[in-house]
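Chains as they are written, first to last, in our numbering: chain A, 14 to 235; chain B, 62 to 177; chain C, 90 to 402.
A couple of the hints might just be wrong.
Keeping only pairs whose Cα atoms sit at most 30 angstroms apart, straight-line, the calculated DSS-like set for lysine-lysine is [to be verified]:
#, chain 1, residue 1, chain 2, residue 2
1, A, K186, C, K321
2, A, K200, B, K173
3, A, K186, C, K269
Part of the chain B face toward chain A, derived, beta carbon under 10 angstroms [said to hold, decoys possible]:
#, residue
4, F90
5, E91
6, G131
By construction, these hints were calculated from the structure, which means they are not laboratory data. Beta carbons are placed, not taken as given, at the ideal position from N, Cα and C, and that holds for glycine.
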Amino acid sequence: MIVADKKPVEEIIDYVTDCKNILVLGCNECVTVCEAGGKKEVEVLASTLRMCFLNQGTEVSIDEITLERQCDHEYLEEIRDVADRYDAIISLACGVGVQFMAEKYHSVPIYPGVNTCFLGATEKRGLWTERCQACGNCMLAITGGICPVSRCAKRILNGPCGGSSNGKCEINKDLDCAWQLIIDRLKALDRLEDYEKICSIKDWSTDRAGGPRKVVREDVQS
Amino acid sequence: MRLQYPANVKIIRLPCTGKIDLIHILRAFEKGADGVYVVGCLEGGCHYIGGNLRARKRVEQARKILDLTGIGGERVQMYNLSASDGPLFVQYAIEMNEKILELGPNPIKLKKDAAA
Amino acid sequence: MSVKTPSKLEKILSSGNLAVTSECGPPRGSDPKAVTKKAEMIKDYVDAVNITDNQTSVTRMSSLAACIHLKLMGVEPILQMVTRDRNRIAIQSDILGAASFDIFNMLCLSGDHQSFGDCPQGQNVHDLDSMQLLQTVHLMRDEGKFLGGADIKRPPQMFVGAAANPFADPFEIRVPRLAKKIASGAEFIQTQCIYNVDKFEEWMKQVCDRGLHEKVYILAGVTPLKSVGMAKFMKNRVPGMDVPDDIVKRMADTPKEKQPEEGINICVETIERLKSVEGVKGFHIMAIEWEEKVPGIVERAGLYPRPEIGAEN
Ligand code: SF4
Ligand code: SF4
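I would like the entire structure built from these sequences, with the hints used as guidance.
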């Protein structure tokens, strides 16, 4: 899923400081799972903003809505009738949702309410870690199912570097060295000899490097 | 045992403090409460294992938000006591009451009243 | 191994002499004397000098520019290049730039992570990794081609090397990793500083058992310790460094003012011992900000005078 983290409330207050009608808009998908932008977080942010404004003696109306998804036309339509009532919408969806909102509703400023962080997994409640950088050309088949692109601090495809120490990455003792994980996994699969296959120079044109990407599937288009 | 506690404390009963959500505490302040305190079982003595520990975390989150909004984090407090300890319950009620009297009313209540 | 480039280092190695290299870190400024002064001190005692490339991710004068200064004073440079800061366009371009000054040696590295340096908020590139960089240099040199497939006019003639750490984790792949670097095109190897000679010997034995020592020239890395503090720092703080307790103790048992001398004694003894290890073809003396000690170490280790083999120009 897409993992996001809360934005500091001070920053959000700065965006909407002169607004009178604000909508805090949550999303029921990834950001709900990572507890950054679901219904609960919408409630807390809205309440916090209300108290802030009340305490400043300014009267601001703050509404709360949480959509099923903000990255889908269909669900965004649900606020068609109310959107232009607001002079600011704070979207707690990931960056995709925020932009999709902005593309759909031209006259209202849409502000991000979370920091979108990475594609990752919930290791346990309150701990999310990165697993994929969407390089567009998945190489997990040759790395024992562990991604060096997203999990090695230097994206080394023929690792490890000289900094791997006791299974940890040189940049941080709390971070597993991706290449240690890959080697452990190859060993467990009895495929350690595969380690000696050299990974050739990667075509990064399917990655961010190639510019904004598109997936076109005519077979499923209507 | 009939013990007297300050009359301006309004008690909300819950099966376990773990039921409290951050938003419940915030809503109370939004509506004008001057203080909120949560009384849970002793740490380690939760019937649901960690309910009172979760409650403490939420109280801490509420405290941060109240500081940020200028209402004041001291207005929210977590206490722990054993379920049978009536006198301590009263003592905490008095303590909290005194603290709130000292802090004065919730500033947003004052602003609301002034605006009305 | 037949000679493939005009590199003096390659010639010395292929002639069967023990090679000696050292390194200089470029300055945090633009004064060329900061490079040439260091080079002047050691030039008659070593065959070639590595110039580090923004080592530990701290911004410094470019390795290529410093190499050119060396070249102009008649010292043979080894251009270090990390993959952290350049994409494949910049890498190929810098290789050509180096070749235009007839720089004939290159060491391919991935580089320390930028979080260690003075720009922790910067991006890193890592378009290629160090093994892919080795492959790139070979493609450019041996096939005369760019990565994009076009021909290079006057291809570079680089003797290419890589680093190896005989003490690195995970231990299962210490030797396979070397094999991979050789398969990627490494022709010489400069190792991490060696303090634990027993462990190094074990590694070399496995290297020789696989016949890898026939395929690559291995230069054993040594660094003289200046003090017990440095010994402890290397032992505890530098990832992948193995400083045995008896070395730390030997430094600690030496009075403070004698410690630099003792550090050099250890270094010379280490070289003496490593000379008889099968597969060791030379030494890489990294005297970090202590270049003035290199001549003494080379002399005492019986590696002076250096053979008279010039690079072709
Ligand atoms: S190889 Fe690419 S697609 Fe596969 S997990 Fe890694 S970043 Fe994602
Ligand atoms: S220590 Fe491991 S994870 Fe960290 S940069 Fe080196 S190879 Fe990558």
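Structure-based check of all given hints:
Between the alpha carbons of K186 (chain A) and K321 (chain C) the distance comes to roughly 19 angstroms, so the proposed pair stays at or under 30 angstroms and holds. Straight-line distance between C-alpha atoms of K200 (chain A) and K173 (chain B) comes to about 67 angstroms, which puts the hinted pair past the 30 angstroms bound. Restraint check for K186 (chain A) and K269 (chain C): the C-alpha separation of about 27 angstroms stays at or below 30 angstroms, so the hint holds. With its C-beta approaching chain A no nearer than about 6 angstroms, F90 (chain B) sits inside the 10 angstroms limit, and its interface hint holds.
For E91 (chain B), the interface hint holds, the least distance from its beta-carbon to any beta-carbon of chain A being 6 angstroms, beneath 10 angstroms. Annotation: G131 (chain B) was flagged as interfacial toward chain A, and the flag holds, the nearest CB pair being 5 angstroms apart, inside 10 angstroms.
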